[in-house]
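Trainee: Listed below are the residues making up each chain.
2 protein chains.
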Amino acid sequence: MENYSIVGKRIPHRDSVEKVKGSAVFTSDIKLNGMLYGKILRATLPHAEIRSIDISKAAKLKGVKAIITSQDTPLVKYSISPTWADQMVLDDQKIRYIGDEIAAVAAITEEIAEEALDLIEVHLAELPGVYDPLEAMKEGAPLIHDDVRNNISKRLTMECGSVEKGFAEADLILEDTFKTQAQSHSSIETHCCIATCSPTDDVTLWANSQSPHPLRQRLAGALNIDAAKIHIITPYIGGGFGSKIDLDPSQAISVILAKKTGKPVKIEHSRKEQFTATRMRHPTITELKFGVKRDGTIVAKQAKVVMDNGAYNSHGPAVLAYNNVMFSTLYRVANIKYEGCLVYTNKNWGGACRGYGDPQASFAQEVMLDMIAEKLNMDPIELRLKNANIPNEVTANAVQITSCGLKECLTEVKERSKWDEKKINPTKYRGLGVAAMIYTGGGSIGSGFNYSGATLQMNADGTLHLLMGAVDIGQGSNMILTQMAAEIMAVEPDSIRLTTADTDATLPCMGTFGSRVTFCAGSAVTQAANGLKQQLLENAAEMLEANIDDLELKQKKIFVKGSPQKSLSYAEIGAASFYKKKKPLVAHGYYNGPEEISPEFDPKNYRGYPAPSMAFAVQVAEVEVDPATGKAEILSLTAAHDLGRAINPLLAEGQIEGGAAQGIGWALMEDVQFENGKIVNPNFHDYKMLTIKDMPEISPILIESIDPNGPFGAKGLGEPAMVPTAPAIINAIYDAVGVRIKDLPAISEKIYKGLKEKELKTN
Amino acid sequence: MENYSIVGKRIPHRDSVEKVKGSAVFTSDIKLNGMLYGKILRATLPHAEIRSIDISKAAKLKGVKAIITSQDTPLVKYSISPTWADQMVLDDQKIRYIGDEIAAVAAITEEIAEEALDLIEVHLAELPGVYDPLEAMKEGAPLIHDDVRNNISKRLTMECGSVEKGFAEADLILEDTFKTQAQSHSSIETHCCIATCSPTDDVTLWANSQSPHPLRQRLAGALNIDAAKIHIITPYIGGGFGSKIDLDPSQAISVILAKKTGKPVKIEHSRKEQFTATRMRHPTITELKFGVKRDGTIVAKQAKVVMDNGAYNSHGPAVLAYNNVMFSTLYRVANIKYEGCLVYTNKNWGGACRGYGDPQASFAQEVMLDMIAEKLNMDPIELRLKNANIPNEVTANAVQITSCGLKECLTEVKERSKWDEKKINPTKYRGLGVAAMIYTGGGSIGSGFNYSGATLQMNADGTLHLLMGAVDIGQGSNMILTQMAAEIMAVEPDSIRLTTADTDATLPCMGTFGSRVTFCAGSAVTQAANGLKQQLLENAAEMLEANIDDLELKQKKIFVKGSPQKSLSYAEIGAASFYKKKKPLVAHGYYNGPEEISPEFDPKNYRGYPAPSMAFAVQVAEVEVDPATGKAEILSLTAAHDLGRAINPLLAEGQIEGGAAQGIGWALMEDVQFENGKIVNPNFHDYKMLTIKDMPEISPILIESIDPNGPFGAKGLGEPAMVPTAPAIINAIYDAVGVRIKDLPAISEKIYKGLKEKELKTN
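Chains as they are written, first to last, in my numbering: chain A, 1 to 763; chain B, 1 to 763.
With the rest of the complex left out, here is chain A (with noise of 0.2 Å):
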């Protein structure tokens, strides 16, 4: 292994003091004088035509300064991309779920803007509404888009080999149906922003937002302005998880109403609003097919998919693309076919969610593989083995796999799970599931884009200042990507000024999701501090009279290798160079990869996925279930993580830990339920998360294969983290008590109910 200082190091966040200590500014910290508090009015109806609004009772109400419907908005759709543009900040005709923006209002207080809600008056026609997604593709369901026939937003079809020759040459045909149910994001922080709008019309955002560069075009696109005269500044964040990536209705509201009354307006949704107005994880029903020979290798693979999409897309044709990318490439499958279908219902919509896809995908396989390993009598392992994905290989689905560490992850966690002991000598009603998973490692060029960029200067005094697109919503980049730039310019990563996710000081980045930060932005940040080494170099070498390649970097000084009497420091370097040689010590970098892309690619469906690289990742979970109750209790969970290289292992098991934990969430409890198109538990009294109570001892394991593309090797780490928790786990609990949930959440009852059909068929 290469002799890094600083790269590799167990360091301690750079924000956590700040973050400890109560003094980090997040966007709900922030007032501005003379601010406004909107407030926005929602449909309580699930689908209904907007007859008429009436806001003159409501203006006339003390305390308020403006009120916004849709008349006050340009009319144009939007969406993440374009060509999936389906809403509208404020829509003119319809309403398609209860949450449903259908006016604003900014008023001096809180209070007075909640009472004004109170007195627009809306005249809605209610229309019949659809919320399971296979009535909503049948003939005749009520439309939810005029435009959208059957409500199918998106078809996916993607075939590679033949899986009709495949199963004719299978040993054992398996088929069964998975589903899964939506989850709550729950990022501890709600959405948050503020607007002010000048009366030249520059518009300033505070926003908790993932992707502050694109929100400035998204925001543009919505309000059809220009991109110049909109600044997004993004204060602390407090969790994302990929609610935060979307232009959020509320942001382009507290624009329009800043706009409107030449003051600044906040909008700070309530946890409620939380639940009820952003997004969630899409529900999927996954029915699988699959052909194995005898000796467990896989010869044919079969989904087909209907994604609830509810009322809008947002990321909804990508997360199913996804779904499909994921599905397809994890294991060596000569044979696959893959069909989605996105379907529009009338609820709350999903969007992007740690995993994109990922986990509905990996759940229904990962629990298949679990029931075939069972009928053929192969240790679960060992059939993943079997098929594993290996380093430099181009799956049957063309994607281009670099460094592949699943073989590593998968006879790791087996060692450390004591795995086969404890098969052998098992414990009643204790059991051990393992399950396995493939996510890009630095996201994608499939949607065209794939861009971070990064600065870094040094001052004349010799400090470096860091500027970069990136945001860090609580996962560690801030740090992760300091410690880059610091060991390239060998100096503490706490001496490096940061600048982060500012559109006005900042080369633009695509935003923090799709775990693409680490290997996006550290290109770029690496290839920044590359470009500033070699200034200094050039100029000590002429300062000194040597060669640059004599010369090497220490403690904030250039020596002359093997001479230590001769060396200048950073602080002589700069100051010749910003007063003597009158050029500012600057360098950018620039990431916007892979740079091959696969000739197969098709954007329809990602086959020939683009990314930059894959990571990989194994998790055993071991459980064990109250017969009595039908609750099953994870015991431990030994996670291995094919991360390309540990820049900072302290930061990358905290990543482990969060990902176990919203996996655990999301296999035994977390529910979002709804009753004609209602959220019923829009609360945290009534969503069941884990608290820290509920963890059980979480074992990470970094495998480091070393991506020859990524910077230091690295790789993403981020959404792999809870991907393979719930099939570990669903997998854990047959194992313990012989019961196979295919619906997600197990919940004790499910459990339970299994554990009495057992009963009875046995008896």
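A portion of the hints provided could be inaccurate.
Since copy identity is lost for identical chains, a pair holds within one copy or between any two.
What the hints assert, rightly or not - Once the Cα atoms are required to be at most 25 Å apart in a straight line, the calculated DSS-like pairs of lysine-lysine come out as: (1) Lys533 - Lys557; (2) Lys179 - Lys57; (3) Lys678 - Lys179; (4) Lys581 - Lys604; (5) Lys761 - Lys742; (6) Lys582 - Lys604; (7) Lys138 - Lys57; (8) Lys604 - Lys293; (9) Lys758 - Lys60; (10) Lys428 - Lys761; (11) Lys260 - Lys21.
Hint data in this document are derived by calculation from the structure and do not stem from the laboratory.
From a predicted model like this one, the values you see are computed outputs, not experimental measurements.
Since chain A is already given, all that's left is putting chain B on it; use the hints.
Mentor: Chain B only, in chain A's frame:
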């Protein structure tokens, strides 16, 4: 003249809409959550030893969050240059003027902070004070800084040629003494700052600074912290005129209080504090001796100057140097001698103030020339033409002149003011006076640095973003510099997004002073814009398969000349570069000139003063004196200014008008008056300034000498605007009623007294 589309146009300032509508945010407008208010306990004696400070009573006051004394400071001395360091944020030993900072309080309201100041018990041992620089220089005078003999902070001597020889050749020798008074900058916005300090000691300071980047360095020095831990943000600024260049003690104090309390701390000067505890124009006593030939040729000139420094150096040593340079460089004189003394007194200290030592020099020299013209019976304009500087000369004191429009200024004012006509047919009690000046047209590298950086970026959507360290304090640089970039990029100035004077976002810039921004920051901006243009052209040439030379920029597109159908929009080029070529479109400009420094440059006296260009101006005042009261009324002011090129004539004329107001004020009324070291008129009631009703008609004349090194040929204008006004007025008063005022201001009483003395002589 070149065919420019944007440069040279009378475009209203882009900041004006926000300022006129009242939405521009100044530092005073900012309130942060939990913000405390800082107040400073100031000395009420002019000279004393600090025996003890008891803060115990004040600390008990409810609402007081912190009290600091010198014990909370690092006790390091600082100044604008380390070699002049003579003050501390809070001195632990002595107070040296009424206003000196002794302690400070942060409290939850301004009122409580004020109350707490009253409860701090300070025991002082009064020392004898000295207020007159001539007294202060005497052996045995009280010493203000223990290590400075005779209170002389700096002696400056320069001789070129031999004045002895020169005077021997002269047909006429004239000697006289001229005195100038202290002038307050009187910016409408007082000093204001807000500091925050994070638990990791990262400091953010919002401050109305003319020099945010140097402020960062000075703050770091005065507080012994790392400059990389400091972020300076400058909101809109309501005037500076030199007063906001220095590190003000209040800025350092707010940081210490923020660090101590963990809360934001705001300190805003009252108008009284602005008068009594910030800088002012240095008073001077100037003894001149001039030797001339009968034909008007000046053969020798000599100045002995005593400059009243007040209690601390601030810019004093450099102001003295500029007093010398501007006196010595104006007119072609072979034999020059200058002897200057900068003397400490127990008074409010001088600092940078529009003109920076030049108004004092010009007043003396230009009135002296009027006296010589009278003796020689020569037209004062002819006398000046006879001795005027010419383009591309190297003066006797080794200053390189590039462009020079002095003669054009003289002939233009003569014509426009109807000089000859009015001189031939004078009106009783009315008179015309003329005065010229020279000043740097773009700062100077004399103190080592004259840097300005700028960055121009194109976004992927083709929009442009200009980032520069320069700060618009009201003079118009945001507009001027945007115009330069807009001209080169062929876009409307308003379409360019602008970020300025934020130390985290922009390349460093020394700031706004020395009439350097148009020249230096303009050079950086044009460099950046030409760099970006080149990148666009290279992209377009490749994409259009054309030669760069055949391309032209027009309306946000690049065309192949002669083939209007072959073109690419900036958005197309932006998208191609960011997404396909994977290269951000960023260009930097950095100026730190002039390139060539005279080998004769002497940093002790600024002989060989290395400015990148010199600006010239001539003003003619027409005055009517009321014989009953002595009151002088300015009837008109004709002001010809050689500004190289007028980037925006509208704004240039605004500068001339503003400068005239300040010059008339200094000539006739503005006077910071002291009694035993105490300012007796620290308010706008007792300190008289011009109001809009007092303004005469100003006729600005823009002389475009097109400097070979200036951006688009431009040179600085800001400070020159006020320099010749006072001597022009004083000479006009003499022309009107024969009373020669040699000590400013020319208040009615002095003129009336002069009239009475003349009557006595005549009778």
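Trainee: Identify every previously stated hint that the structure contradicts and give their numbers, smallest first.
Mentor: Of the numbered hints given earlier, those the structure breaks are 2, 7, 8 and 9, listed in rising order.
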